[in-house]
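Chemist: Residue-level listing of the chains:
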Amino acid sequence: MSNVFVSEQSEAAAAGHPSGRLLEVEDLRVEFRTRDGVAKVINGVTYHVDAGETLAVLGESGSGKSVTAQTIMGILDTPPGFVTGGEIRFHGRDMLKMSAEERRRIRGEGIAMVFQDALSALNPVFTVGFQIAEQFRVRRGMSRGDAKKRAAEMLDQVKIPNAKQRINEYPHQFSGGMRQRVMIAMSLALDPEVLIADEPTTALDVTVQAQIMDLLAELQQERQMGLILITHDLGVVADVADRIAVMYAGRIVEEADVHELYAKPAHPYTLGLLESIPRIDEKGQQLRTIKGLPPSLLRIPSGCPFHPRCPMAQPVCAEKVPPLLQLGPTRASACHFAQDLVSRD
Amino acid sequence: MSDPTSGSLVTTSPGEQPGLVAEAAPAPGAPPQQRDKPRGLLGDAWHDLRRKPIFWIAATFIVLFLLMAIVPQLFTSVDPEHDSNLSRSLVGPGSTGWFGYDLQGQDIYARTIYGARASIIVAVVATLGTVLFGSLVGVIAGFWGGWLDALLSRLADVFFGIPFVLGAIVILFTFNTSNSGRSTVRITTLVIIALVTLTWPVSMRIMRSSVLATKQADYIVAARALGASNTRIIFKHLIPNCLAPVLVYATILVGAFIGAEATLSFLGVGLQSPVISWGVIINESQNYIRVAPYWLLFPAAFLVTAVLSFVMLGEAVREALDPKLR
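The listed protein sequences derive, respectively, from chains U and H. By the UniProt record's numbering, the letter at position 140 of the first sequence is numbered 140, and the numbering carries on one by one without gaps. By the UniProt record's numbering, the letter at position 110 of the second sequence is numbered 110, and the numbering carries on one by one without gaps.
In case anyone wonders, no lab produced these hints; they're calculated from the structure. What you are looking at is a predicted structure, and each value in this text was computed from that prediction instead of being measured. Where hints are given, some of them may not hold.
What the hints assert, rightly or not - With a straight-line cut-off of 25 Å between C-alpha atoms, the simulated SDA-like cross-links for lysine to any residue are: (1) H:Lys236 x U:Gly110; (2) U:Lys97 x H:Lys236; (3) U:Lys264 x H:Val221; (4) H:Lys236 x U:Arg139; (5) H:Lys215 x U:Glu53.
Modelling step: build the complete structure from the supplied sequences, incorporating the hints.
Modeler: In structure tokens, the structure reads:
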């Protein structure tokens with residue numbers, strides 16, 4: 001099985017422009033050198049996203065999902081963060097080997113990012129219209145008037161009512177949901193091919209969450225961009241995502257088509273996550289949880305990092321790191337007993 | 001809900017600017033309107049300022065002093081330099097010379113009025129210099145950090161460690177060789193340079209610390225993630241958000257510099273005789289304080305008022321810009 005996976009990869013690399021893959025992250029490794037020691041935050045993450053596709057990256061806080069996104073964007077704080085290995089290929093070219101100037105040009109136009117907290121991600125001293133228009137003026141060389149018109153169009157596209165008036169308002173004058181729409185409009189202004197949304201709905205209430213997710217899905221369909229949706233909320237991703245990558249302790253532990261993953265998780269961690277969603281038919285019973293805490297990244301457990309918390313752990317789990325094995329055309333799992341999990345009924 | 005800008009509230013204050021009506025007159029009993037006209041940081045500050053009497057008092061005095069500096073002819077028709085008449089040497093205040101006459105028989109009122117110009121030019125230019133240079137160094141140190149920050153901060157510490165008066169005396173004595181053709185511009189420039197050299201570390205520190213705080217903000221990261229260049233991030237996103245504390249410091253500094261210039265002139269190392277400034281007049285009067293106290297008192301009163309006005313303005317601006325004090 002592992003051989004199949006490897007040969008696929010090398011074929012792709014040989015083709016120069018690998019099979020239309022828009023953005024590929026391969027074996028990415030990032031560590032934070034802190035005073036307490038070296039924290040291995042990302043330990044060989046591999047995922048990809050194609051045009052018109054939505055990949056959801058799922059994981060607890062500290063699983064490295066946001067750090068992966070920051071590394072792709074090139075906004076990792078260095079120090080303490082250092083990329084120690086791997087490749088990030090955009091249109092087949094390794095971004096980690098590009099010059100700072102080349103990478104900067106990709107940001108915004110090639111890959112853009114939506115942040116979690118729109119209020120703090122918008123500059124408080126400028127009107128939202130100015131902030132969106134700024135990109136058109138600087139990157140597209142538009143005149144002030146044209147840029148402003150385009151900014152209003154962008155706000156219109158993210159369905160902000162009265163866009164023409166509201167471009168003259170400041171970020172604090174928008175409500176939470178509207179602010180996130182502004183943030184989305186801003187990241188989409190330069191028509192990026194890949195949009196990374198880092199927990200775009202976490203700061204919002206549930207009804208607004210759904211609206212924002214719908215908006216993102218719709219815009220993604222319209223523009224045929226690749227969307228990487230980073231979240232810890234299984235409910236949010238179910239409707240929108242095509243594929244899901246589950247992260248744990250800086251690794252991908254399972255990657256699958258969204259239906260497969262929900263129907264039959266191939267990793268005990270995913271299973272635990274799915275089971276810990278509160279269900280209405282179990283009202284009154286104690287909520288199920290995954291026992292224990294996520295491991296400290298300064299001391300990642302030997303073998304499978306999940307084994308101290310895993311209900312299915314065997315002696316082998318503490319010794320051997322399970323590789324991410326391909327189980328089918330669209331799914332992979334990093335568990336020694338993945339086959340058993342999938343075939344069990 | 002009715003439209004917040006519509007008529008119901010207008011009755012109380014028709015004279016107000018239309019956009020501010022909703023804010024200025026909340027109807028009794030009704031909750032204050034949350035949605036008022038869009039306004040930026042400076043708009044808010046201005047709105048706050050215009051209701052402070054202290055701001056208006058300070059601003060009036062400052063405008064008056066600025067007028068004195070720009071068009072002294074408005075206040076007096078007497079030539080402060082060449083209209084000397086020894087027959088009225090040390091004549092006290094009277095109906096012709098309101099503030100009296102000095103040793104050379106020159107009109108003290110006219111000299112005080114004309115003195116505003118040099119005092120204010122020195123203070124304003126030195127403030128601009130201090131703020132621009134200090135902020136620039138502060139932004140560089142705060143934004144790039146690392147060894148550059150360490151180097152610049154230590155350099156600032158060195159300049160900060162020099163006692164002000166001592167440092168100024170050394171600088172001015174070294175470069176102001178008294179024979180080098182007593183040019184007004186030269187002396188003035190030298191005083192300004194001395195002031196800037198000795199005070200830039202303060203504005204550097206203020207700017208550095210606010211850059212350090214703002215640099216971490218999400219909107220800076222977001223701007224970077226959208227592909228903004230460093231220059232753009234610094235000038236468009238960092239500086240506008242770091243300006244308030246330095247701006248406040250600058251207003252207070254103008255006052256402080258007027259005083260500093262007078263101090264140096266009084267000590268005889270600052271501006272000198274062909275130039276007329278409040279400090280110079282006070283310096284000239286120092287041997288005649290018992291005989292002609294008015295010679296000292298009038299320019300000193302102007303000096304104190306000017307310093308106080310700028311400091312009060314700075315105070316008012318600081319309160320207006322600080323949302324916690326609202």
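Chemist: Compare the structure with each hint and give your call.
Modeler: Hint by hint, here is what the structure shows:
Proposed proximity of H:Lys236 and U:Gly110 is supported: the alpha carbons are some 23 Å apart, at most 25 Å. Simply put, U:Lys97 and H:Lys236 have alpha-carbon atoms about 29 Å apart, too far for the 25 Å limit, and the pair is violated. Restraint check: the Cα-Cα separation between U:Lys264 and H:Val221 comes to about 39 Å, which exceeds 25 Å; the hinted pair is violated. As the CA atoms of H:Lys236 and U:Arg139 are separated by approximately 15 Å, the hinted pair is consistent with the 25 Å bound.
For the proposed pair H:Lys215 and U:Glu53, the alpha carbon gap of about 34 Å is over 25 Å, so the pair is violated.
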